[in-house]
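> Sequence:
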Amino acid sequence: MLKSTLRKINSQHLGFYQTCKSIDLSGKSLSIISDFILANSKSNLNSYWLGRIDYCEAWKLQKVIQKNVINKKINDVILFLEHDSIYTLGKNADLNNLLPARPKDIDVIQTDRGGEITYHGPGQLVGYPIIDLKKYRRSITWFMRSLEQSIIEMLNEINISSSRKEGLTGVWVNDHKIAALGVRLSRWVSMHGFAINIHTDLSQYRGMIPCGISDFGLTSIAKIKGKDYSLLYIADLMLKNIQETLILDIEKKVEYV
0 MLKSTLRKIN SQHLGFYQTC KSIDLSGKSL SIISDFILAN SKSNLNSYWL
50 GRIDYCEAWK LQKVIQKNVI NKKINDVILF LEHDSIYTLG KNADLNNLLP
100 ARPKDIDVIQ TDRGGEITYH GPGQLVGYPI IDLKKYRRSI TWFMRSLEQS
150 IIEMLNEINI SSSRKEGLTG VWVNDHKIAA LGVRLSRWVS MHGFAINIHT
200 DLSQYRGMIP CGISDFGLTS IAKIKGKDYS LLYIADLMLK NIQETLILDI
250 EKKVEYV
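Residue numbering for the sequence shown follows numbering that gives the first Met the number 0, starting at 0 and increasing by one per position.
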């Protein structure tokens with residue numbers, strides 16, 4: 000089980016998140032995972048580690064959870080997981096960015112998220128925040144920049160300096176992308192989310208032009224640090240920083256452009 004060690008932010012908000020823990024559901028069937036989440040997501044923010052799970056199965060699970068959050072049957076949920084190798088196309092994807100030299104044993108899936116083409120695979124931490132933005136701010140731009148800021152703060156904790164690039168989505172270490180983002184909203188409830196390269200096989204990106212951007216490279220935490228970090232450890236840091244970033248942005252009335 001993951002545990003989140005929350006830093007004190009503001010005493011009036013501390014109770015909002017202090018019950019949040021990530022529950023380990025890895026290795027369980029999709030039906031068991033779905034039933035457990037729908038029965039137990041009563042805290043303000045409920046976080047689950049699913050281990051490695053098929054992309055399409057995770058997509059179906061997100062839709063079920065999103066519907067229940069919209070209907071106020073459960074509270075907000077964050078899913079942490081990894082996928083087998085797969086290329087996914089956003090709604091704005093240009094098929095010319097999927098290269099003929101790509102490995103033919105890797106499936107290509109059309110999704111309903113925003114953005115271009117991306118790769119998911121082993122060693123990459125994927126986070127799917129299914130959050131009702133009406134509790135925070137009805138702004139997809141604010142939400143995307145908040146997720147980026149959470150990743151930047153997480154990387155800072157392991158001594159990696161990162162930033163945004165003007166006009167582009169994601170998180171960058173100099174001119175190398177380390178995290179990609181893409182979301183979809185339905186009645187202001189989010190799904191899809193972010194992917195962070197932990198010890199990802201970066202050679203798999205050769206089959207595509209990531210996010211349609213050919214001018215920059217890619218990197219991973221392992222490549223930068225010269226050592227491995229577990230996905231669980233990074234998921235724990237992300238959970239903490241997502242919580243803190245959402246609260247602090249509201250308190251400070253942060254505006255992102």
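Any given hint could be a false lead.
[Said to hold, decoys possible] For lysine-lysine, the following DSS-like pairs were computed, each having C-alpha atoms within a straight-line distance of at most 25 Å: (1) Lys-164 to Lys-66; (2) Lys-27 to Lys-72; (3) Lys-134 to Lys-72; (4) Lys-164 to Lys-62; (5) Lys-59 to Lys-71; (6) Lys-27 to Lys-41; (7) Lys-41 to Lys-59; (8) Lys-71 to Lys-41; (9) Lys-72 to Lys-62; (10) Lys-134 to Lys-66; (11) Lys-134 to Lys-62; (12) Lys-71 to Lys-133; (13) Lys-72 to Lys-90; (14) Lys-90 to Lys-133; (15) Lys-164 to Lys-59; (16) Lys-59 to Lys-72; (17) Lys-90 to Lys-62; (18) Lys-59 to Lys-27; (19) Lys-72 to Lys-164; (20) Lys-41 to Lys-103; (21) Lys-133 to Lys-72; (22) Lys-90 to Lys-103; (23) Lys-103 to Lys-134; (24) Lys-66 to Lys-103; (25) Lys-103 to Lys-71; (26) Lys-90 to Lys-164; (27) Lys-90 to Lys-41; (28) Lys-66 to Lys-27; (29) Lys-164 to Lys-224; (30) Lys-71 to Lys-164; (31) Lys-103 to Lys-72; (32) Lys-41 to Lys-164.
Simulated from the structure, these hints should not be mistaken for lab results.
> Given the hinted pair Lys-59 and Lys-27, is their alpha-carbon gap at most 25 Å?
holds, 15 Å
> Verify the proposed pairing of Lys-90 with Lys-133, using a straight-line Cα cut of 25 Å.
holds, 24 Å
> Need the status of pair Lys-133, Lys-72: alpha-carbon distance at most 25 Å?
The hint holds at about 15 Å.
> Given the hinted pair Lys-59 and Lys-72, is their Cα-Cα distance within 25 Å?
holds, 18 Å
> Hey, Lys-90 versus Lys-41, does the alpha-carbon distance stay inside 25 Å?
Outside the cut-off at roughly 32 Å; violated.
> Compare the distance between the alpha carbons of Lys-66 and Lys-103 with 25 Å, and conclude whether the hinted pair is satisfied.
The given pair, whose Cα atoms are some 34 Å apart, is violated under the 25 Å limit.
> Going straight from one Cα to the other, do Lys-90 and Lys-62 come out at no more than 25 Å?
holds, 17 Å
> Lys-90 and Lys-164 were given as a pair; does the straight-line alpha-carbon distance stay at or below 25 Å?
Cα-Cα ~22 Å, so holds.
> Hinted pair, alpha-carbon criterion (25 Å max): Lys-90, Lys-103. Please report holds or violated.
holds, 22 Å
> Decide if the proposed pair is consistent with the structure: Lys-27 and Lys-41, CA atoms, cutoff 25 Å inclusive.
holds, 21 Å
> For Lys-71 and Lys-164, compute the direct alpha-carbon distance and say whether it is at most 25 Å.
violated, 36 Å
> Take the C-alpha atoms of Lys-103 and Lys-134, compute the straight-line distance between them, and say whether it is at most 25 Å.
violated, 43 Å
When the structure is compared with the earlier hints, violations turn up for hints 1, 4, 13, 15, 19, 20, 23, 24, 25, 27, 30, 31, 32 and for no others.
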